[in-house]
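Heads up: the protein sequence lines correspond to chains A and B, in order.
Numbering follows the working numbering, in which position 4 of the first sequence is assigned residue number 4; successive positions increment by one, without gaps.
Numbering follows the working numbering, in which position 129 of the second sequence is assigned residue number 129; successive positions increment by one, without gaps.
Calculated directly from the structure, the hints in this document are not laboratory data.
Among the clues, some could well be false.
[Said to hold, decoys possible] The calculated label-pair distances, taken between Cβ atoms and stated as ranges, are:
1. B:D9 - A:P8: 31 to 39 Å
2. B:R69 - A:G61: 16 to 24 Å
3. A:V45 - B:A139: 24 to 32 Å
4. A:A63 - B:Q91: 44 to 52 Å
5. B:D9 - A:A30: 31 to 39 Å
Cβ atoms here follow ideal geometry from the backbone N, Cα and C, with glycine treated the same way.
Listed below, chain by chain, are the residues.
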Amino acid sequence: MPDSRSSPDVTVNLVYLARLRDAFGRPGEALTLSGGDTSVAAVLVSLRARGEPFAAELGAGRAIRIAVNHALVDADCVLCDGDEVALLPPVTGG
Amino acid sequence: MTVRVQTADFDAGIEIAALRNGDARVGAVAAFIGTVRDVNDAAHVATLTLEHYPGMTEKAMEAIVAEARARFDILDALVIHRVGTLTPTDQIVLVAVTSGHRGEAFDACRFLMDYLKTRAPFWKKEITPAGARWVDARASDDEAAARWEPPAAAR
Chain A
1 MPDSRSSPDV
11 TVNLVYLARL
21 RDAFGRPGEA
31 LTLSGGDTSV
41 AAVLVSLRAR
51 GEPFAAELGA
61 GRAIRIAVNH
71 ALVDADCVLC
81 DGDEVALLPP
91 VTGG
Chain B
1 MTVRVQTADF
11 DAGIEIAALR
21 NGDARVGAVA
31 AFIGTVRDVN
41 DAAHVATLTL
51 EHYPGMTEKA
61 MEAIVAEARA
71 RFDILDALVI
81 HRVGTLTPTD
91 QIVLVAVTSG
101 HRGEAFDACR
111 FLMDYLKTRA
121 PFWKKEITPA
131 GARWVDARAS
141 DDEAAARWEP
151 PAAAR
């Protein structure tokens, strides 16, 4: 078991954009990661574990990209307390 | 190099005159304007609402313009993207590029549009007779952007 003193909880601010905001019925929320894994991947695992609509919208084959503090990152990016973590559906501007 | 996100319409003539700014090195200006169509995927489009991610959008657009500047011999570039609710025939986006010669201006303008379509955090939601729907990303847009790979440094 990770030592709770060396792996404190990390709370991030999730931002749901465009169709994800509609699907989840909210513009975002705070999410606390505990247990030591504070990666972007851990956020996705936590959200998918809620079931629908999160599991389907964030499932394999969905080209969701993640931005941390306004910069695109990979799933192994480690998050810090207070980070803004945005979930972006495929973009359709222009 | 200028990027803007705005709800207001734009006047391409005024914007291009400002971009040229009396610079006598300019021998070519290429511009693209994207507008709202009244039909998409066989459905009538009454209105189109463009959403973006404030804070990230401008940074993403600036990164795309910086990439264009690194790849092409251009003098200046302008990107204006509107957000909010638009109706058919409205202008959505303006890309304008100045260069010494037409080839670089055409290429940079097309590159900027291809990258904007796939890398800037904008999303379109259409209101049609069947209801509201988020526009799906097109594989053809990804293919258009992929034509510019690999980056200049690797060519």
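- Message: For each hint given before, does the structure comply? Return the numbers of the non-compliant ones in rising order.
- Response: Numbers 1, 2 and 4, in rising order.
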